[in-house]
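What follows is the residue order along each chain.
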Amino acid sequence: MTFWLTQIFNGVSYGAIVFLLAMGLSLIFGVMKVINVTHGTYFLVGAYFGLTTLKQTGNFFLAILIGGIAIAIMGIVIERVFLRRLQGNDLGQVLITMGFVLVLQDAILVIWGPDPVSMDAPKFLASTGRIGGFSFPMYRLFLIVFAAVTAAALWFFESRTKIGSSVRAAVDDVEMAGGMGVNVPVVFSLVFGLGSFLAGMSGVLAAPWLGIQAGLDFEILPFAFVAIIVGGMGSLKGAVVASLLVGIIDNLGKTFFPEFAYFTLFLPMAVILAIRPSGLFGRAM
Amino acid sequence: MRGELLATRGRVIAIAAVLAFAIVSPLFVDEFSVLVLNQCLIWGILALSLDLMLGYTGMASLGHAAYFGTGAYATAIMSATYGASFGEAFVVAIIAAAVVTAICALVALRASDVYFLMITFALAMLIWGLAYRWDSMTGGENGIAGIDRPLFMEDTITYYYFTLIVAAGVFLFFSVLVHSCFGKTMVGIRESESRMRALGYNVWLHKFIIYMISGLFSGLAGFLWVYYNSYVAPTDVELVTSFNALLMVSLGGPGTLAGPLLGSTIFVILDNSVNMFTERSLTVVGCIYIVVVLFAPEGIMGFIKQLRTKAQEANNG
Amino acid sequence: MIRKRIAFLVVPLAFALAALLAAGPALAAKGPIKIGLLTSKKGVLAKHGSDQMNALKVFREKFGDKVAGRDVKFFIEDNESKVALAVTRVRKLLTRDKVHIVMGGLFGSTGYAIAPLADRYKTPILIWSCPDDISKRKRKKYAVTYFSCSQPMHAFAHWVRTSMPNIKKVITIGPDYAFGYESTGGFQQVFEDMGGKVIQKMYMPINTVDYGPYIGKLKKDADALFITLAGAQALRLPKQLKEAGLANKYVILGNGTNTDEFVLDAQGDEVLGWISALIYSADIQTKDNQDFVKSFVKHAKKDPGYYAEGYYGGLVSIYKAIEEVKGNVEDKDKFFAALRNLKVATGMPAGPRASDGHGTFKMNVYVRMTMKDETGKKRNKVLAIIPNVSQFWNYKPDEFMKLPPYSRDYPPCKNCGN
Numbered sequence: 030m031t032f033w034l035t036q037i038f039n040g041v042s043y044g045a046i047v048f049l050l051a052m053g054l055s056l057i058f059g060v061m062k063v064i065n066v067t068h069g070t071y072f073l074v075g076a077y078f079g080l081t082t083l084k085q086t087g088n089f090f091l092a093i094l095i096g097g098i099a100i101a102i103m104g105i106v107i108e109r110v111f112l113r114r115l116q117g118n119d120l121g122q123v124l125i126t127m128g129f130v131l132v133l134q135d136a137i138l139v140i141w142g143p144d145p146v147s148m149d150a151p152k153f154l155a156s157t158g159r160i161g162g163f164s165f166p167m168y169r170l171f172l173i174v175f176a177a178v179t180a181a182a183l184w185f186f187e188s189r190t191k192i193g194s195s196v197r198a199a200v201d202d203v204e205m206a207g208g209m210g211v212n213v214p215v216v217f218s219l220v221f222g223l224g225s226f227l228a229g230m231s232g233v234l235a236a237p238w239l240g241i242q243a244g245l246d247f248e249i250l251p252f253a254f255v256a257i258i259v260g261g262m263g264s265l266k267g268a269v270v271a272s273l274l275v276g277i278i279d280n281l282g283k284t285f286f287p288e289f290a291y292f293t294l295f296l297p298m299a300v301i302l303a304i305r306p307s308g309l310f311g312r313a314m
Numbered sequence: 385m386r387g388e389l390l391a392t393r394g395r396v397i398a399i400a401a402v403l404a405f406a407i408v409s410p411l412f413v414d415e416f417s418v419l420v421l422n423q424c425l426i427w428g429i430l431a432l433s434l435d436l437m438l439g440y441t442g443m444a445s446l447g448h449a450a451y452f453g454t455g456a457y458a459t460a461i462m463s464a465t466y467g468a469s470f471g472e473a474f475v476v477a478i479i480a481a482a483v484v485t486a487i488c489a490l491v492a493l494r495a496s497d498v499y500f501l502m503i504t505f506a507l508a509m510l511i512w513g514l515a516y517r518w519d520s521m522t523g524g525e526n527g528i529a530g531i532d533r534p535l536f537m538e539d540t541i542t543y544y545y546f547t548l549i550v551a552a553g554v555f556l557f558f559s560v561l562v563h564s565c566f567g568k569t570m571v572g573i574r575e576s577e578s579r580m581r582a583l584g585y586n587v588w589l590h591k592f593i594i595y596m597i598s599g600l601f602s603g604l605a606g607f608l609w610v611y612y613n614s615y616v617a618p619t620d621v622e623l624v625t626s627f628n629a630l631l632m633v634s635l636g637g638p639g640t641l642a643g644p645l646l647g648s649t650i651f652v653i654l655d656n657s658v659n660m661f662t663e664r665s666l667t668v669v670g671c672i673y674i675v676v677v678l679f680a681p682e683g684i685m686g687f688i689k690q691l692r693t694k695a696q697e698a699n700n701g
Numbered sequence: 002m003i004r005k006r007i008a009f010l011v012v013p014l015a016f017a018l019a020a021l022l023a024a025g026p027a028l029a030a031k032g033p034i035k036i037g038l039l040t041s042k043k044g045v046l047a048k049h050g051s052d053q054m055n056a057l058k059v060f061r062e063k064f065g066d067k068v069a070g071r072d073v074k075f076f077i078e079d080n081e082s083k084v085a086l087a088v089t090r091v092r093k094l095l096t097r098d099k100v101h102i103v104m105g106g107l108f109g110s111t112g113y114a115i116a117p118l119a120d121r122y123k124t125p126i127l128i129w130s131c132p133d134d135i136s137k138r139k140r141k142k143y144a145v146t147y148f149s150c151s152q153p154m155h156a157f158a159h160w161v162r163t164s165m166p167n168i169k170k171v172i173t174i175g176p177d178y179a180f181g182y183e184s185t186g187g188f189q190q191v192f193e194d195m196g197g198k199v200i201q202k203m204y205m206p207i208n209t210v211d212y213g214p215y216i217g218k219l220k221k222d223a224d225a226l227f228i229t230l231a232g233a234q235a236l237r238l239p240k241q242l243k244e245a246g247l248a249n250k251y252v253i254l255g256n257g258t259n260t261d262e263f264v265l266d267a268q269g270d271e272v273l274g275w276i277s278a279l280i281y282s283a284d285i286q287t288k289d290n291q292d293f294v295k296s297f298v299k300h301a302k303k304d305p306g307y308y309a310e311g312y313y314g315g316l317v318s319i320y321k322a323i324e325e326v327k328g329n330v331e332d333k334d335k336f337f338a339a340l341r342n343l344k345v346a347t348g349m350p351a352g353p354r355a356s357d358g359h360g361t362f363k364m365n366v367y368v369r370m371t372m373k374d375e376t377g378k379k380r381n382k383v384l385a386i387i388p389n390v391s392q393f394w395n396y397k398p399d400e401f402m403k404l405p406p407y408s409r410d411y412p413p414c415k416n417c418g419n
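Chains as they are written, first to last, in this note's numbering: chain X, 30 to 314; chain C, 385 to 701; chain L, 2 to 419.
Hint data in this document are derived by calculation from the structure and do not stem from the laboratory.
Just to be clear, a hint being listed does not mean it is correct.
[To be verified] If you want the footprint, here are the derived chain X segments under chain C, 3+ residues with CB under 8 Å:
hint : stretch
1    : 125 to 131
2    : 155 to 164
3    : 167 to 181
4    : 188 to 194
5    : 250 to 262
6    : 294 to 307
Please read these numbers as outputs of a predicted model, since none were measured by experiment.
All residues carry an ideal CB built from backbone N, CA and C; glycine is no exception.
Bound conformation, chain X alone (with noise of 0.2 Å):
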């Protein structure tokens, strides 16, 4: 019983980093159709602003939201200069994502250097909790809390606000939206910023259960686009859902056939792909 424990617990921490990663994918997918492949490597650099405001300032919450503003400006300023000029142009998107892949990878080498760094998550979260036989990582309670507050305060945005209908508006349909009086450019900002927000933030999250080093961002990135395939481009749902699926299978898998361990993990993929080619909760091509 407390082995099953253990893993679905493991399970379902790492899902809840996978969510955060690929909520920012699925939404950036969603609206804009941009396979965005820089969004791990917005991970990675989120991860170092967060080491350095760490160590300048001590608060480790700061250091959380300094990595999510930095990345989510920088987000927005390809959005902006780059992507915005290939609208359409889906190819030609991808690529140049991939573009400022390597750029990023070799500005974290001149910036923050070779050597693979360590970030203390406070105190009070670095202990083992323990109800009864059951003995569990702080940190990683922690990781599920966060992120199920994160899903909850995505879900009011996007039902309960004005902005939030317009950017379910443009996942749905962005020509409809654009002439149903929604600010298109304006939502496209919007969901880039708040997409690379979430990856830089869940890049500080994951550092001092991860540590942070070169790379970080393709060992990552893998399990957050398994998860959109899942669980469906767009969809709030579909990546809470999907995360959770991809961090309990990959547990599962691990323990029970390491062998096979990507294998476990891609093949259930490639089954959704072939059955639902949209994802589990995917609005149907």
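Following the hints, position chains C and L against chain X.
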């Protein structure tokens, strides 16, 4: 009429010049240059086969590393694990590439546009996952080393000429293909799928066949690559390889035959020489991506075409 | 306008093409001795590469670019942490730069990939990573290895059985590729021959992000974990072990790469008390090492680890071999024989080493414990020195080589049960 004739003659001269250069130059340069030229040819074949989908038919595949990798891994496994000969490895590599391409095509062709990009991307991830984790077969992280060429093409220059013959054959086949009725249909599909459907064409079948041809020739490139590098690893199948192939096509000029070859040549040369000049090679390659997408969407061949039209206009005016 | 754009593309390309296709210089009478170095400046191994480059600086500062009366020229190639690219880059060193010797290779698998090139181009390669079989069953005519991955682990297992007899049951954890198999296999082989039991073996992909599933599976009745970590794993697994509350439950043994100085500063207190073995520790108290550490700290602002020492020590070995052939590196067979039969008594931070006649060297193995010194700085304190360790440990080479190479399935886990 006369202009067209001239253009054809120009094309023939250009092809002859390139071929002559490809045949003669290895005799005058050092071994490393021959190795680099060989790389240009192999990536050129991959870029050509990608262009068949991307440039001619308008299907942007974000996962061609998968088919390239299938060919490569099948070759390596046959050669290193089972001691198969060059010919046997070739047959298995092509069959493996065909099977994997067929399965991927069946799944991917259900979607179009950006969803097609996404699905090909996801399928490539799956193949990468297999290469990376199917340890007993692929050697996982270790990759597969010790793949030797047959003795008669052991040395660098012979293998280069072998690759050159294959590449020339592929080029010839592709140019016949794109100028045939089938080729016209491909362009028709690119311009308007619905119109082709209305005209009674089986668009799906055409796309499937094109996908298959493209996958097979990518597998062929993978086969050549393994015997070139005598080593294969998951990094050969990763995302970046797919992206690089796309960059080569975009850089040279999609929808042309010379473009992918030009693009792959430039890319390979840069890839092998940038780090002689600067430590910041990542930034350089990154900027090439950005510049090509923003300023040269039709690639270098596009520029040349533009130039020619301008010149013609000047003549006429 | 268009013309300008074309010029913008064409001019740099023409330069690149010219640089590339320029035929290599005709064989000069006797130019400098050319040493090719392979490293990683980008990607997951960038930090190892930067340690290596700093070690190179220290080396050149001390020994200069001159040996046996001839000038030395270094050619550095970056394989961006990709094994496949290492093959291409080493080929460039051999065919364009026409170096007289190549040193390099991070990752055991890189060693296996580049070793065949040594014979193909009849040029010595000092394989810096530690692929076991290149000095055992897959020997090359022109390749030697700096050491063998399992070599320190044989000695370590012996030390554990002798000095910590209470440790009887061990779980092994390692990265899922050659280095992991060889490190784990070496430990298991000797540990079980001396009556210990390995009761669970786990191999995990090197780019694993979340170790939760593996940690959740650890058997409770083990006395110790034997851990081998590579690259980013060294940062992640210790953290995640600690947060799972298991840091004090097991004694933690392992390969010295777990707490190598390349990552030690970035690791937290979770690695304190870890006991490991390797062919080096910055804490070695010899003058050779203290001098090396001092110069290295000056350049790198941090302690050297085995990645740094190995690069430096490899270069010391190469210079020594060049001296032995009086600078005549053009006679490749003699040069390689000198390298292969080398004996270096002084000047090595990690202590003396001598050829074992099988393509690698005998050397000291250091058992270290990670702890904090008075100033609060983490160090790999040397607990024991096991001198003159052979890659075959105490086994007879011929008999040893009849056994299968260490792999995912060998040695088998007899005591794993289910």
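Tested hints:
no., hint, result
1, 125 to 131, "holds (count 6)"
2, 155 to 164, "violated (count 0)"
3, 167 to 181, "violated (count 0)"
4, 188 to 194, "violated (count 0)"
5, 250 to 262, "holds (count 5)"
6, 294 to 307, "holds (count 9)"
In the structure shown, a violation is registered for the earlier hints numbered 2, 3 and 4, in ascending order.
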